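Participant: What follows is each chain in one-letter form.
There are 2 protein chains.
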Amino acid sequence: MEDIIGTTAGVLTSVAMVPQLLKVIKEKNVEDISGLMLGVLITGLSLWVWYGFMKGEWPIILSNSFAILVNLILAFCVFKFKHKN
Amino acid sequence: MEDIIGTTAGVLTSVAMVPQLLKVIKEKNVEDISGLMLGVLITGLSLWVWYGFMKGEWPIILSNSFAILVNLILAFCVFKFKHKN
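Top to bottom, those sequences are chains A and B.
Okay, so the first sequence: first residue is 1 according to the UniProt record's numbering, each after it adds one.
Okay, so the second sequence: first residue is 1 according to the UniProt record's numbering, each after it adds one.
Do not rely on the hints blindly, as some may be mistaken.
If several chains are the same, the list does not tell them apart, and a pair holds so long as it fits within one copy or across any two.
Derived pair list, reagent style SDA-like, types lysine to any residue, alpha-carbon separation capped at 20 Å [unchecked claim]:
hint, residue 1, residue 2
1, 55, 15
2, 82, 54
3, 23, 38
4, 55, 25
5, 23, 49
6, 28, 2
7, 80, 38
8, 28, 61
9, 55, 7
10, 28, 53
11, 80, 34
12, 26, 8
13, 55, 24
14, 80, 70
15, 82, 32
16, 82, 4
17, 55, 18
18, 26, 4
19, 23, 35
20, 82, 42
21, 28, 80
22, 26, 1
Just so you know, these hints were derived from the structure itself, not from any lab.
Fair warning: this is a prediction, and the values are worked out from it, not measured in the lab.
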């Protein structure tokens with residue numbers, strides 16, 4: 001039961017991130033994204049994955065790994081597009 | 001040890017949300033925020049809180065509750081500012 005709740009929670013919070021990522025990729029507009037905050041966020045998400053491994057909880061590991069992937073792509077976009085204008 | 005990792009993770013991912021919220025409140029620009037996605041996100045975060053209660057894990061409960069609060073404020077801003085222009 002916990003696994004169903006956790007997996008559903010992970011899928012919903014993961015799905016909610018995707019449109020924002022697609023928008024950034026499509027519009028190549030990254031002026032509003034703070035590189036520092038992305039760094040803080042990716043560090044926090046990495047600790048969540050570590051926490052998930054310590055507790056052996058797959059919903060936490062998978063959803064935070066997905067969030068790290070999304071934010072690494074965002075960080076790459078910021079690096080690539082930041083000075084295009 | 002798990003609690004230290006989880007609490008640090010929660011603090012970092014929570015801190016990373018605040019500048020975006022302050023920016024929206026300050027600039028009153030919510031055109032880029034999807035109400036549907038906020039709904040999906042808040043639903044997902046609520047399930048995480050439920051999951052945290054089932055597992056008795058305070059870092060999960062507290063950090064996702066904070067995220068719900070941030071996103072409810074965002075939802076309020078979207079409702080309030082969406083049609084100002």
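Participant: At most 20 Å between alpha carbons: which applies to residue 82 and residue 42, within, between, both or neither?
Facilitator: within (19 Å within a copy, 30 Å between copies)
Participant: Give the relationship of residue 80 and residue 70 under a CA distance limit of 20 Å: within one copy only, between copies only, both, or neither.
Facilitator: within (15 Å within a copy, 29 Å between copies)
Participant: Within, between, both or neither: how does the pair residue 23, residue 35 come out at a Cα-Cα threshold of 20 Å?
Facilitator: both (17 Å within a copy, 15 Å between copies)
Participant: What label fits residue 28 with residue 61 when the C-alpha limit is 20 Å: within, between, both, or neither?
Facilitator: For residue 28 and residue 61, the Cα distance exceeds 20 Å both inside one copy (30 Å) and across copies (35 Å).
Participant: How do residue 82 and residue 32 come out at 20 Å by Cα distance, when the copy is not named: within, between, both, or neither?
Facilitator: The answer is both: 10 Å in one copy and 19 Å across copies each meet 20 Å.
Participant: Under a CA distance limit of 20 Å, which applies to residue 82 and residue 54: within one copy, between copies, both, or neither?
Facilitator: Intra 37 Å, inter 43 Å, cutoff 20 Å: neither.
Participant: One pair to classify: residue 55 and residue 7, alpha carbons no more than 20 Å apart. Within, between, both, or neither?
Facilitator: both (15 Å within a copy, 14 Å between copies)
Participant: Tell me, please, which holds for residue 80 and residue 38 at an alpha-carbon limit of 20 Å: within, between, both or neither?
Facilitator: within (15 Å within a copy, 28 Å between copies)
Participant: Within, between, both or neither: how does the pair residue 55, residue 18 come out at a Cα-Cα threshold of 20 Å?
Facilitator: Neither way: residue 55 and residue 18 sit 27 Å apart in one copy and 28 Å across, limit 20 Å.
Participant: When Cα atoms must be at most 20 Å apart, do residue 55 and residue 25 count as within-copy, between-copy, both, or neither?
Facilitator: This pair counts as neither: shortest intra-copy Cα distance 35 Å, inter-copy 37 Å.
Participant: I want to check one pair: residue 23 and residue 38. Are their C-alpha atoms no more than 20 Å apart within a copy, between two copies, both, or neither?
Facilitator: both (17 Å within a copy, 15 Å between copies)
Participant: Quick one: residue 26 to residue 1, C-alpha cut-off 20 Å, is that within a copy, between copies, both, or neither?
Facilitator: For residue 26 and residue 1, the Cα distance exceeds 20 Å both inside one copy (38 Å) and across copies (42 Å).
In the structure shown, a violation is registered for the earlier hints numbered 1, 2, 4, 5, 6, 8, 10, 12, 13, 16, 17, 18, 22, in ascending order.
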